[in-house]
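Novice: Listed below, chain by chain, are the residues.
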Amino acid sequence: MEFKTFFFKKVMLSFFVSITCICAAMALIGMIFEPSAQFGYEAYLSPLVFGFLASLSTLMGYSKSELSIKQAIIRNVIQLLFIEAVILSVLYLGGALASLSVALSLAASIIVIFLTVNLVLWVNDKKTAKTFNDALKGFQSDYRVDENQSS
Amino acid sequence: MRVKIKRINDKTDECVTIECVKVTPDIESIRSYALTKGATLIGSVGEQIYQFKLADVLYFEAVDERVFAYTESKAFELKNRLYELESIYADKHFIRCSKSFVINLMKLESISPALNGRFMATMKNSEKIIVSRQYVPKMKQAVMGGK
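Just so you know, the sequences run in chain order V and L.
Quick note on our numbering: the first sequence kicks off at 1 and runs consecutively.
Quick note on our numbering: the second sequence kicks off at 1 and runs consecutively.
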């Protein structure tokens with residue numbers, strides 16, 4: 001896959017799915033730990049910033065040479081650890097990590113979001129495979145000579 | 001299109017004649033298919049030399065500096081390089097799916113998603129081959145055309 005195609009197909013899709021999941025996670029964690037907290041308009045920017053940081057890390061999965069399944073898994077784990085470190089560090093520096101329970105909840109929600117994004121990407125690939133397989137059957141029947149008929 | 005089959009006695013005189021007003025992509029495909037059906041390859045298994053049909057080949061694989069053609073029952077070592085086979089048989093439904101494999105689309109059962117944007121190709125004999133991300137668009141183009 002060319003870099004441009006990889007960027008638009010994987011990174012952009014990952015970005016939008018991440019934003020949706022981050023909004024849901026922020027709402028859930030906020031309602032549990034700080035239900036009375038109030039925010040300004042700047043709060044709308046945080047899903048975009050965190051979504052951008054998380055999606056940018058998708059580039060770690062890009063390689064010109066073909067990765068083995070083991071290498072792909074290792075890169076995915078490194079990517080998850082990177083996202084956890086970056087987002088938790090940003091929140092810590094911003095004073096948003098009030099307690100250990102909040103930090104653990106956020107870490108868990110990052111894992112859930114990461115898995116959700118990868119699931120969406122996999123479902124997208126599954127759809128591509130189905131379209132291809134349906135077309136393949138038609139392609140093969142178009143070119144297959146009925147041996148019995150011709151003999 | 002009408003199809004006529006005329007029986008003859010001599011195997012060496014067998015031939016497919018296409019009578020058409022214009023050579024369209026469909027006609028080209030029929031020509032390619034007819035050529036593929038008749039095409040044979042020479043390969044070796046150990047000391048033995050065999051002649052086998054191109055249409056029976058599931059895929060070609062390059063292992064180190066050697067290239068093999070796999071049919072349902074045998075693996076024949078060939079003298080050609082993988083890129084040569086890819087080029088020669090591109091119009092006969094053979095397409096590269098990774099750095100080391102050129103598969104026969106007519107012997108492909110299905111593809112399914114694997115990790116990291118790649119796909120797994122399952123051949124008609126249930127063998128599984130990794131399809132690299134970079135070759136997926138070309139495979140889609142070959143099978144689906146402009147759709």
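Just so you know, not all the hints are guaranteed correct.
[What the hints assert, rightly or not] Computed cross-link-like contacts, DSBU-like style, restricted to lysine-lysine with a CA-CA straight-line distance of at most 35 Å:
1. L:Lys124 with L:Lys138
2. V:Lys130 with L:Lys138
3. L:Lys138 with L:Lys128
4. L:Lys6 with V:Lys130
5. V:Lys70 with L:Lys74
6. L:Lys128 with L:Lys22
7. L:Lys79 with V:Lys127
8. L:Lys53 with L:Lys79
9. V:Lys126 with L:Lys22
10. L:Lys124 with L:Lys74
By construction, these hints were calculated from the structure, which means they are not laboratory data.
Novice: Give a verdict on every hint.
Specialist: Here is how each hint holds up against the structure:
no.: 1; hint: L:Lys124 with L:Lys138; result: holds, 21 Å
no.: 2; hint: V:Lys130 with L:Lys138; result: holds, 16 Å
no.: 3; hint: L:Lys138 with L:Lys128; result: holds, 19 Å
no.: 4; hint: L:Lys6 with V:Lys130; result: violated, 40 Å
no.: 5; hint: V:Lys70 with L:Lys74; result: holds, 30 Å
no.: 6; hint: L:Lys128 with L:Lys22; result: violated, 40 Å
no.: 7; hint: L:Lys79 with V:Lys127; result: violated, 39 Å
no.: 8; hint: L:Lys53 with L:Lys79; result: holds, 16 Å
no.: 9; hint: V:Lys126 with L:Lys22; result: violated, 40 Å
no.: 10; hint: L:Lys124 with L:Lys74; result: holds, 15 Å
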